[in-house]
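Novice: What follows is each chain in one-letter form.
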Amino acid sequence: MKNIIKILFLVSVVLFTSCTDAFDYSSYVIDFNEINCGVNNKNLQKLKTKSTSDTIKIAFTGDSHRFYDELESFVSKVNEVNQIVDFDFVVHVGDIADFGLPKQYLWGNSYLLNLDIPYFVLLGNHDMVGNGGQAYQKMFGDYNFSFIYGDVKFVFLNSNSREFQFNGKVPDINWLDNQLKPDDDFRYAVVIFHVPPTDADFDANLTESFHETLDKYNNVLFCVHGHLHHFETYKPFSDSITYINVYGTEYRKFNTITIYNGEYNVSEYAF
Amino acid sequence: MRFKKLYIFIVILSLNVSSLWAQSNNDVKTKDTTTWNKFIPDYVKLQYAGGIGFLSAGVGYTFFKQHLDVSLFYGYVPKWFTVDDLHSISLQFTAKLFRIKASKNVEILPLNIGWYIHHTFGSKFWVKLPDNYPDGYYWWSPGLNAGVFIGGEIKTKLLANKTPASGLAFYVRAGSRDLYLASKAGNKSIPLTDIIELGFGVALYR
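Those sequence lines, one after another, are chains A and B.
Per our numbering, the first sequence starts with residue 73, numbered consecutively.
Per our numbering, the second sequence starts with residue 125, numbered consecutively.
Quick caveat, the hints were computed from the structure, so don't treat them as lab data.
Ideal placement from N, C-alpha and C gives every residue a C-beta, glycine not left out.
One or more hints might be untrue.
What the hints assert, rightly or not - Pulled a few chain B residues facing chain A out of the computed Cβ check, cut under 7 Å:
#1 Gly175
#2 Val201
#3 Trp204
#4 Val207
#5 Leu210
#6 Asn256
#7 Leu303
#8 Asn311
#9 Lys312
#10 Thr317
#11 Glu321
To be verified - For lysine-lysine, the following DSS-like pairs were computed, each having C-alpha atoms within a straight-line distance of at most 27 Å:
#12 B:Lys225 <-> B:Lys189
#13 B:Lys228 <-> A:Lys78
#14 B:Lys308 <-> A:Lys149
Here chain A stands alone, though its shape is the one from the complex (with noise of 0.2 Å):
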């Protein structure tokens, strides 16, 4: 008896020290350890310490889901073109995480940490599915954020307006207002989300109001946005502002933009 004793406590050590990782406690905790938490800011920082030149190089990615394995051949492939291209930034475009699973989050971003450029990982409508909107805040940050780069003021907007019950404050219009409201820090803006305005999941009674937002002062490049999966060059209305629908990663093809001078160019690289 002592003997089985003996040998079921060297058992549970041997399993205990071996994969400690693998005692789940249940599919919804966040733990997430240093270089998986606030990783938006410490990119911002990492993006702060480039030297800016005229031109803005963007690589786009999104709608990653459970497609891990295109993921990480996206960022080999950028770090490849990057070698020659040289990004100054890559964008995420939402839907990490399929489930909205912590565990989602951190294989996702198990990925995008090898990218040797800076990266921006938005919110998509996915990855707020059970605690995922948690998870998110931890792993990146806020909702809606942004940051000037070179003479362009990039806005990350949360556009997921059926996640929050359509409850009208999203997207917040008075925050992207205050976004774009002229400052001597920038001279143009993009505005980056993951539900486009023509979508079922965006707030119809808001969508006007963001048209208006977009439009207001004039200094607003382009548009870009996921979700919808494919790539696309449109213009929702004749005259509004461009959107630009970026590739998502299953279809082994990433859109690169270049913005110079307040022109732009969008181009793509298969992988």
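Position chain B against the provided structure of chain A, taking the given hints into account.
Specialist: Quick look at chain B alone, frame taken from chain A:
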């Protein structure tokens, strides 16, 4: 509110344990004749991890000559390990396929296989798609998940002499759940260890 649920559960659990004690303290030869006795659980379990809580307390019954265990667990993850503490219940079915008598006092069950469903409490963890979504918008539900596991158990006569219990068992289990398996599918880059739910526990048999 959540603590109230936990409290009620602990009360029920302790009532069961104490009634188990009380029952066994009587003459053991007395047949279980009253209806109440039939409902006394065959065992109580305390489990560490395994995807259903930091610690989970369970009660249950055995069927088919102890070849099938059906257990109800209440699992708890304190805030210390996560952002908000998590309360959940799970219903587990464990088939005990083999039984090896190692000695007079020790029985080894080398292969138990099981299936469980797991519900996490809280409005974020909905079971039925909330009204603000069109039908089929999300195909899974964060509040109700299922999983499978395999494991082993060693049944001993520990505590049998000093207490009314018939014995104490130790078990280990390794499993995974639907949402983890779906995440791993088609992704070579995700390590298998990432989707495994390891756990172990003790069972006190009546």
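Novice: Each of the hints needs a verdict: does it hold here or not?
Specialist: So, going through the hints one by one against the coordinates:
Taking 7 Å as the C-beta cut-off, the interface hint given for Gly175 of chain B holds, the closest approach to chain A being about 5 Å. At a threshold of 7 Å, the smallest CB-CB gap from Val201 of chain B to chain A is about 5 Å, leaving the interface hint in force. A hinted interface residue such as Trp204 of chain B counts as satisfied when its beta carbon comes closer than 7 Å to some beta carbon of chain A; here the least separation is about 10 Å, so the hint is violated. The interface hint given for Val207 of chain B holds, since its Cβ lies 5 Å from the closest Cβ of chain A, which is under the 7 Å cut-off.
Residue-level restraint check for Leu210 of chain B holds (minimum Cβ-Cβ distance to chain A is 5 Å; threshold 7 Å). For Asn256 of chain B, the interface hint holds, the least distance from its beta-carbon to any beta-carbon of chain A being 5 Å, beneath 7 Å. Proximity of Leu303 of chain B to chain A holds as hinted, the smallest CB-CB distance being about 5 Å (cut-off 7 Å). About 4 Å separates the beta-carbon of Asn311 of chain B from the nearest beta-carbon of chain A, less than 7 Å, and the hint is met.
Checking Lys312 of chain B against chain A by beta carbon gives a least distance of about 6 Å; that is within 7 Å, so the hint holds. Hint on Thr317 of chain B holds. Least Cβ distance to chain A is approximately 6 Å, under the 7 Å limit. Satisfaction of the interface hint for Glu321 of chain B is found here, the shortest Cβ-Cβ separation to chain A being roughly 4 Å, below the 7 Å cut-off. The hinted pair formed by Lys225 of chain B and Lys189 of chain B meets the criterion: a straight-line CA distance of about 15 Å does not exceed 27 Å.
Taking the CA atoms of Lys228 of chain B and Lys78 of chain A, the gap is about 18 Å. The hint holds against a cut of 27 Å. Note on Lys308 of chain B and Lys149 of chain A: the hinted pairing holds, with a Cα-Cα distance of about 22 Å set against a maximum of 27 Å.
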